[in-house]
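Engineer: From just these sequences and the hints, can you work out the full model?
Protein chains: 2
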Amino acid sequence: MSIQTTSRPPVPGAPIVTTGSLPASTKVFKPGIRHPELRVPMREIALHPSAGEPPVTVYDASGPYTDPATEIVIERGLPRHRQAWAEARGDVEVYDGRDVKPEDNGFVSPDRLTPTFPVRHRPLRAKDGKAVTQLAYARAGIITPEMEYVAVRENLGRAQARAVLGRDGEDFGAAIPDHVTPEFVRDEVARGRAIIPANINHPELEPMIIGRNFLVKINANIGNSAVTSSMAEEVEKMVWAIRWGADTVMDLSTGRNIHNIRDWILRNAPIPIGTVPLYQALEKVGGIAEDLTWEVFRDTLIEQAEQGVDYFTIHAGVRLRHVPLTAGRVTGIVSRGGSIMAKWCLHHHRESFLYEHFDEICDICRAYDVSFSLGDGLRPGSIADANDAAQFAELETLGELTQLAWGKDCQVMIEGPGHVPMHKIKANMDKQLATCGEAPFYTLGPLTTDIAPGYDHITSGIGAAMIGWFGCAMLCYVTPKEHLGLPDRSDVKTGVITYRIAAHAADLAKGHPAARLRDDALSRARFEFRWEDQFNLSLDPDTARSFHDETLPKEAHKTAHFCSMCGPKFCSMRISHDIRAEAQKEGMAAMAQKFREGGKLYVPLGEAR
Amino acid sequence: MSIQTTSRPPVPGAPIVTTGSLPASTKVFKPGIRHPELRVPMREIALHPSAGEPPVTVYDASGPYTDPATEIVIERGLPRHRQAWAEARGDVEVYDGRDVKPEDNGFVSPDRLTPTFPVRHRPLRAKDGKAVTQLAYARAGIITPEMEYVAVRENLGRAQARAVLGRDGEDFGAAIPDHVTPEFVRDEVARGRAIIPANINHPELEPMIIGRNFLVKINANIGNSAVTSSMAEEVEKMVWAIRWGADTVMDLSTGRNIHNIRDWILRNAPIPIGTVPLYQALEKVGGIAEDLTWEVFRDTLIEQAEQGVDYFTIHAGVRLRHVPLTAGRVTGIVSRGGSIMAKWCLHHHRESFLYEHFDEICDICRAYDVSFSLGDGLRPGSIADANDAAQFAELETLGELTQLAWGKDCQVMIEGPGHVPMHKIKANMDKQLATCGEAPFYTLGPLTTDIAPGYDHITSGIGAAMIGWFGCAMLCYVTPKEHLGLPDRSDVKTGVITYRIAAHAADLAKGHPAARLRDDALSRARFEFRWEDQFNLSLDPDTARSFHDETLPKEAHKTAHFCSMCGPKFCSMRISHDIRAEAQKEGMAAMAQKFREGGKLYVPLGEAR
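Line by line, the protein sequences give chains A and E. For the first sequence, the positions run 1 to 609 when full-length UniProt numbering is used. For the second sequence, the positions run 1 to 609 when full-length UniProt numbering is used.
What you were told as hints is all true, and nothing was included just to trick you.
Note that the list lumps identical chains together, so a pair holds whenever it fits in one copy or between two copies.
Think about it this way: if two alpha-carbon atoms lie no more than 16 Å apart in a straight line, the pair counts; the simulated EDC-like pairs of lysine to aspartate or glutamate are:
#1 Lys101 with Glu295
#2 Lys426 with Asp171
#3 Lys130 with Asp91
#4 Lys558 with Glu528
Hints in this document: simulated from the structure, not taken from any laboratory.
Structural biologist: Here it is, written out as structure tokens:
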């Protein structure tokens, strides 16, 4: 196994990131049919020869960092393979783009400025007010390379024929197909039930899809704050988060250097990057919420759209009239964006400029294909505030805004939950589906209790698994540091693995046709004492192996037919093998028949007494 | 704050255990009304004076170890306060008890023998075949001290009047009262819907109750194996597990020295101790399953009943006819007890001696009040095997055995789950309630996916929270080491905290009348930047504090109106306070009215476009 890092820090202060394959894993690439040039990455996990099984193919969001065949040069950025796709459509133009201004980096002094990303690319935008969104193409009946890419990706290498396994699950009215075709993807995108966040200025992207009828996705938040952390740390957090399975990453930086940090992240991101543009806009006005203006915000949207941000959280659902609904709450407004907008609205006694200018925001998103993540500025921050009038009033507004965005051919997902006890989770999902026309739901957790700071990845992993099962399309992770501090690299990994568990548990429960293949392969490995296979098939092979080795470190124990938990005599699996062997001698079916008939073989309970 | 340990190891090799209060916590004792001599422990967590709130009272299973007023002397054992209760009933006799035999400690050589517990107490047993079980008393209309004790305990110090808060939850047909009375406890025990595991030979016990209409409980497993760990470690694991909230502890030791280790544990255990007597019986016959006999097993039951074990896992549901049903499974039989019994049945081609002699087992349990935990020897060990014919055939048998045990006045709970995907969890609960006459369900997890060894506390915490909500009375924890090795002290804590989260999330969702008090108190502390209160009210104050201090260690930051996550400018809670202050100037209600009327205060969306 090989965790490596890029060897030389070429630009002073440039990030050193984690590279190298995961154990026993090979990155493979599948072509498209309509677009044979596509190279859709998957990870094949090889099994021990004694298994007599083919490799297990799993979804792979980790990008070129886990591909030993790709040289990673952070200061150059990843290959820009989507550039040709956008240009081929003939509806975009290259232009000079906006100049970087001092406020973009929070007026940071030159000595503290994060270095500019070494390569500058001229941005693309739509020609003549054209819509260059995946939604527009889908509605026009066009199957883009992006659509075929995600179709291939979602099938995890299954051929159509193999997909017809028994379906076992409860999908609450979703429509998960046995096999995902490019046409199905086009249809789901056209209906607004799924989005492919893919800014035309993010050609490094490996496209992915977010929607209720696809695999459940997870997002990891990174970002510095005024108090701590640097660009190099954030780039490595991004690479580290996708290594363990984050499907998208939100850069929530709020300190200085936001523009430059984001450039380093985007140019090296194979996954969609989301932001909350309001954070940067607030930095531009010195952190005074009431000084925010539409002009500053608009300028920030264009700045970020040109850089290639794939989705924007826009808190346009926080309307002036909603703010008083939060007055009686235990924890008020806990969304940063929500509280900023509420403060602005109250101070000016005006409707939110996001709501008033939503139409213009749509025009910008339409010109670059930035997807909307309609923000839940009034999400509940405590069990006491769950499902209250403020939360649901905002959700109604988000439903209204969804229709407006769709009217402009913009892709939309809806943000939700926060703190919600288990019995109130399904109501959230049902209401969102009904109110927002089945636009994908993207929820934080929810946290199912408030009493475990330090373990909120777990309080929220419970809620996340459930809402994913009920139909939520993407789960925003929560790390152990939630409510307490900024997550470090270790917290990021814990958050990602926890949410991969939640997403996978949801896929299983929904009856996704391929989800159980990995569980079954791992369980067979477990039953056959193929320890190495068990580690390699797990979400975190390094941790599984190290836990095992704490008590049984020797190589010989990797083939032992027991572990330190029960020891050899009490190993149920070992005994099960004996049972199976014994039964096979006799013929299990014949035995079963004999036992069922009763008779001399056992004493009925009545007689035994 | 004061984590301490017992200072001197008085007997060579005697355990050193963790003592000392939890932060800001005081142990208080509530009396009974019928039994005013009762001293029912609770933990009061003091809040900062600025809160203007009374202390928060929480359930406290940690025993005298967290009471600075009690001197802990491990080699003497805890005070035997229940001895007088049993004797007062006049239906027990003191006798000499069984002699300890070499096989009780696995024929260990003298140099490797765990020291005998220094104090020997003569055991009690029922006189003349009398039933000395809580169930027998309950049926006879007697409210025992144990029953009143748990009634006081379940109310968490709430007076009856305060209990009439709004009830908010979905309890799936449970009957959770606003206030728990001793009469309610008696009634639930009499109906078999709850048990009070309380062996008459475990007078150190602080009684607790397990049932669907009470707070959801959790169990922690400890125990050495042939491969690793010692008596001192196991005693400290027990003390450590209850410090963090384990309600019962199972000693699953399987190596040598089982008898002596159990003595040390029991004499120092304020919580019920459960065992799987089959493990010790197997050691007595040299680990050869087919050499097990009813006589050896019976002798082991009496040995353990005399020591004071509160509940026995009895795998009497693994019948000969069920074994072939496991032949097609991906992971066969994964219960240690289940696999041992299956092997015995197959080898001898006979019905299980546990099933045949169940009546006699009941007689033993009846004479000491050992509760049954009817074992799920055929629980599924993988997602593939969930809810299969073997599992449910055994459950049917457990239902039949429940009736037999009830016929003998024995208390019963039923073991369940294992690996079960989310969509198959509720069927387990519903089937158990229907099949086993509402006897309490006690489940391992369930684990909702197989693919995360190293994180099975999380894969199972998801399932545990859900099944707890659906009606499961006690959740058996799973630690991060599950499938990989024996849990150490740190794994025990992680497992316990994870399961406290699951149990509490379940209580909230069921609408337990007092559950939300702690969430609300913590959330108010969070909103008011009372950091110390937030730490102290959490399930793990030490971890919450240390996570916070990683980035903001100074004392001043404990009153800061922000944290390192967002920094001061982006703190939504800080902004929420500004909003509230601003709104209060104007009168929030008036504002709300004005906003609702619309008019000049905001531009309607239509005009804005």
